[in-house]
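Taken in order, these protein sequences are the chains called A, B and C.
Start counting the first sequence at 1418; every next residue gets the next number (my numbering).
Start counting the second sequence at 510; every next residue gets the next number (my numbering).
Start counting the third sequence at 923; every next residue gets the next number (my numbering).
Think of the hints as simulated: they come from the structure by calculation, not from any bench.
Nothing here was measured: the structure is a model prediction, and the numbers come from that model.
Virtual Cβ for every residue (Gly too), placed ideally from N, Cα, C.
Please note: incorrect hints may appear among the correct ones.
[As the list claims (entries may be wrong)] In silico DSSO-like pairs for lysine-lysine, Cα to Cα no more than 27 Å straight-line:
| # | chain 1 | residue 1 | chain 2 | residue 2 |
| --- | --- | --- | --- | --- |
| 1 | A | Lys1984 | A | Lys1421 |
| 2 | A | Lys1630 | C | Lys962 |
| 3 | B | Lys749 | B | Lys782 |
| 4 | A | Lys1984 | C | Lys1108 |
| 5 | A | Lys1984 | C | Lys962 |
| 6 | B | Lys782 | B | Lys646 |
| 7 | C | Lys1108 | C | Lys962 |
| 8 | B | Lys807 | B | Lys782 |
| 9 | A | Lys1421 | B | Lys749 |
[Said to hold, decoys possible] Simulated restraints on C-beta separations:
| # | chain 1 | residue 1 | chain 2 | residue 2 | range |
| --- | --- | --- | --- | --- | --- |
| 10 | A | Ala1922 | C | Ala1062 | 55 to 61 Å |
| 11 | C | Thr1137 | B | Pro812 | 40 to 46 Å |
| 12 | B | Ser788 | A | Pro1511 | 19 to 25 Å |
| 13 | A | Ala1506 | B | Thr776 | 29 to 35 Å |
| 14 | A | Val1448 | C | Thr1137 | 44 to 50 Å |
| 15 | C | Thr1137 | A | Met1745 | 25 to 31 Å |
[As the list claims (entries may be wrong)] Far from chain C, by Cβ distances over 12 Å, these chain A residues were calculated:
| # | residue |
| --- | --- |
| 16 | Pro1434 |
| 17 | Ala1553 |
| 18 | Ile1920 |
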Amino acid sequence: MLGKLSWAAIPFNQPVPLIAGSVVILIVLAVITWVVLSGHLPYLWREWITSVDHKRIGVMYMLLGLTMLVRGFVDAIMMRSQQAFAFRAPGYLPPEHYDQIFSAHGTIMIFFSAMPLVIGLMNFVVPLQLGIRDVAFPTLNSVGFWLTATGALLVNISLVVGEFARTGWLPYPPLSELTYSPGVGVDYYLWSLEISGVGTLLAGINLVTTVLKLHAPGMTYSRMPMFCWTTLASNLLIVAAFPILTATLTMLVLDRYFGFHFFTNEAGGNVMMFVNLIWAWGHPEVYILVLPAFGVFSEVVSTFSRKPLFGYRSMVAATMAICILSFMVWLHHFFTMGAGADVNAMFGIASMIIAVPTGVKVFNWLFTMYGGRIVYTTPMLWSIGFMITFVIGGMTGVLLAVPPVDFVLHNSVFLVAHFHNVVIGGVLFGAFAGYSYWFPKAFGFRLHEGWGKAAFWLTFAGFYVVFLPLYTAGLWGMTRRMQHYDVAMWRPFVLIAAIGIVIMACAAGCQLVQLVVSIRRREELRDVTGDPWNGRSLEWATPSPPPAFNFPVLPNIRGEEAYWGMKQRALEQARLGEEPAYADIEMPRNSPTGFICAFFATFMGFALIWHIWWLAGVAAVGAYATFVVFAWRDKDEYIFPAATVARIDRANRSARSAALAARREAAS
Amino acid sequence: MDADHAGNPDLLPNETKRLKSQSLLRAVAMCCAVIMAPVVLSACKPAVLDPQGLVGLAVRSILIDSVAIMLAIVIPTIAAILAFAWWFRASNARAVYLPDWVYSGRIELVVWSIPLMVIMLLGGVAWIGSHDLDPAKPLSSSAPPVEVQVISMDWKWLFIYPDQGVASVNQLVIPAGAPIRFSLTSASVMNAFFIPQLGSMIYTMNGMTTQLNLQADTPGTLRGLSSQFSGDGFSDMHFKVLVLPQDRFDAWIEAARGAGPTLDPETYAALVKQSANVSPFTYRAAAPGLFRQIVAQKLPPGPGPRSGRPNPSVSPRMEE
Amino acid sequence: MTAFDAAAGRDDPHRLRHDWQPPVYRQHTLGHASGGLVSKRIITGFGFWIFLLSDIVMFSAFFAAYAVLVGDTAGGPSGRELFNLRNVGFETAFLLLSSFTVGIARIGARAQSDSWYYGAMAATFVLGAAFLSIELREFAGMVARGAGPTRSAFLSAFFTLVGCHGLHITAGLLWLLTMMAQVFAKGYRADILRRILCFNLFWHALDIIWVAIFTVVYLMAVAV
């Protein structure tokens, strides 16, 4: 009746997960209770949960990503502290638990923190930068978000019911096969990724269609902001790579559930095929993460250098080159599997070639700063920190791309330091830069600068204190994923790294404090005009936060940096442009489809994990039925009357006129 | 707060700028300390950079050369980043302001071609190095090679010496100065055989054979481990590598032949069950062709976990 | 009122709102969420094409797995011993014909002809179901002979690749019935016509994938 599920699946006899799980459950229940009792539920349901507005969905993605970042970071703290204790000692985390933690750390950070963060930024910003009202498929956008949240929920449920995978964040067979991992852990991993993979694919299709097909009048491809180009490249990669992940995980599911033999030791299964397929997805995945971060930096560096981006066309060429090349390098993740010298060398060289367009981008940002008037706001600090850190990480990457070097550094903590170098230095710094840069647009007030800068410096310093010792320990022969060790030479490095994680924890604390302080002081930090940074692209032409329809009339784009051009004309003519002719605006209607579909998907995933077949069937039917019901609706749009549009826009225009007048006064 | 200040963050006070430079210096100092401290603290040498064999020596020289080549670009780039970020700060009236400078053909040529040339150089290093140091490529040496067959298990290592007819668990004894030809496989899950001070690692997979050639030049004790995560007992999958002079190696073989159990399909099946932290021991005889039988899966792969909480199908556990 | 207006649902009492006015198409001020410049039909079609491309990538991964594992029969039967090319011929004929009928169905929908639409959709369903029944019988037969997917890696790959295609056909048949029900309930509304377009693209894509399957799996098994 309940498959493999029983009360014994809850870790009553293991203090660490029990306490952690109870704390999380209490917090969640407390939040839900507060929301319901204070009467916020109808607002939340109407304005957020059922919203198909790309801005709302973008904010929810960011919220999911930041929350999961905390969860993954706690895993990291546990890993570093366990290793700090476990020199010739068992430490406080037994192997079966430690193995789950490093697997969950990687899975959560990549799939449920980094992906939502970049997808959230792309979702929020791209329609605003393109001068349009929403993405191509708003309801599918909502479905994509909620399915991703389902995946995150399932992974977190594994903390309290059953266990998570103990294979590492990529479940290599035969370890992940039923023989060697008969537990529910790998199943939790598989179903949460299969479900959230559908969500990610929907986001990819949506954003590719939006960037290629929906533009404001006059915005040709060569007038798009750089962030839109990197969005295009990243989402093309999603569309091309995620189906490989789906197929590969499906093969593992078939092996585990139906006794197929894709990757088993017996009956002809091929373990190397898994490694190839999973990395054929895995390498494009890291570019899916880092390309939007590159886009953020292009926006931030040019805005805070007070100059247009240097070398726009070669940036575009470099981006698309990275997009294509990222599919040709996957073997560098397993040089040591024995493919032979020719194959190893070719993939090594291809991996180095991809450093060329990346280097071009770094130089273009450098020359954007050259001849600029740089302002050190928090986003700009993140960008400069990124440039330095990413160059180092890229160097160690090219080093690892030389196969003989990889033969001695593969799977060591040198490798761990390298990929954290590029993911933290690239993706995380980019996410924080984007977060602090576009926060005022999303919420109408800026974040507190002082706490933001403290967070940056602590993160920057903490990162080096954690990972420089790990680079060194890798050269001392320390391999990754060790629950305990007995080599005295590694001990100092592990201890210094543990100190570094404390510094990074303080940084995380600063980010939290920054948010709280900014909310409390939001009137002081209010963004009245919608353009707090003297921006250059179209999103800064809207009020903060933008109304649901973004633009009262779609802007007519005349050149690159459309908004900058508008502002210069306004400055010259000492007044804003003409008031447009307002008309009714049709917007897509909200829909609970995403939430309800995810609701059924959660039950289906859980049921499949625990072998509760009847529940899986019911939930699958429910998910299908949700779409049929959605297909049956008649009213899919609602109207903003012209009068409302006029009122909103006139308020913003008067604020901007006042700012313009004040500026001319200050200048004279 | 007037609209101008809200939109013009370059009116920050000097205080913040001074703090920024102080913090920058502090960060740089911390980085240096972090790198230098362990070097000063411990008298040990880093395994990978202190090779004991010719393969490791070749790898180290490639590593150092590659880093040097790349630092030639990386250091000027980082210096330029810091220099530009500092010089072109908004409050620096002496810096030139070029608000319309967005393209330069010469710069384009340089930023595309210099990395390309460096990559071509490194690519050459990679091509030559991959071929010279291919794990399966036999080492050129006057001494006759010693064959060792390696089987990774959960969670220990079995070494069979087919020519000498003995086997050893969790301890590898090899003669100094002779090339060792390893043939590797796994009895269960994927592992990787790695002796950091001797050079390359290689994966081990069930049903397949991988090849590795290493050589230890001088006698000593080295450390070997598995570098591919393989389950709960993974952290204990390290083994001692004793490099002995040829005569002492022969003596060790003789001693091994004198005592200990024999390795045959039955004892193999017992060995292959999951266990961790196994103390080293030797087999006095190894059935011939055992390795080939393991690779051909005539001897089935090792079993998985037998116990669990509440049962293996929910959460498996190592045998206590 | 032209047929196009009717197809766009401008006379549909169910549509949108009670005080509907014909929109004023002033340049650059049309506030439609889609941007007002490119039609919804193009956007929907394009997005669906991107989805189909992603689906083809997924099939490519299964094709790759099949190509790698085709020789790993673990002492069991190989394709040459198992495949019945006559059945494959019938399956191919049914599927290709169904692609033709589904195209007719779309033309009928755009011409708002009930007989052509329902007739052609029904024919598509019958042909698709016939394809599925042959495939299911083939699978059942193989399982009965001890050549099921758990026998060897080759058979796992075969059943997964061909079975994945069969699952897509099954989902397509469900979608087909839903589209017939939609037209029955709502008529030839613009959004329903867009969905019929997507269904057509889906069905044709499945046909193309089948061509790849019968070449790579069936023909190459008996060749040489």
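Taking the hints in turn, this is what the structure says about them:
no., hint, result
1, Lys1984(A) - Lys1421(A), "violated, 64 Å"
2, Lys1630(A) - Lys962(C), "holds, 10 Å"
3, Lys749(B) - Lys782(B), "holds, 22 Å"
4, Lys1984(A) - Lys1108(C), "violated, 49 Å"
5, Lys1984(A) - Lys962(C), "violated, 33 Å"
6, Lys782(B) - Lys646(B), "violated, 33 Å"
7, Lys1108(C) - Lys962(C), "holds, 19 Å"
8, Lys807(B) - Lys782(B), "holds, 16 Å"
9, Lys1421(A) - Lys749(B), "violated, 42 Å"
10, Ala1922(A) - Ala1062(C): 55 to 61 Å, "holds, 59 Å"
11, Thr1137(C) - Pro812(B): 40 to 46 Å, "holds, 42 Å"
12, Ser788(B) - Pro1511(A): 19 to 25 Å, "holds, 21 Å"
13, Ala1506(A) - Thr776(B): 29 to 35 Å, "holds, 33 Å"
14, Val1448(A) - Thr1137(C): 44 to 50 Å, "violated, 56 Å"
15, Thr1137(C) - Met1745(A): 25 to 31 Å, "holds, 26 Å"
16, Pro1434, "holds, 35 Å"
17, Ala1553, "violated, 5 Å"
18, Ile1920, "holds, 42 Å"
Taken one by one, the earlier hints fail for this structure at numbers 1, 4, 5, 6, 9, 14, 17, listed in ascending order.
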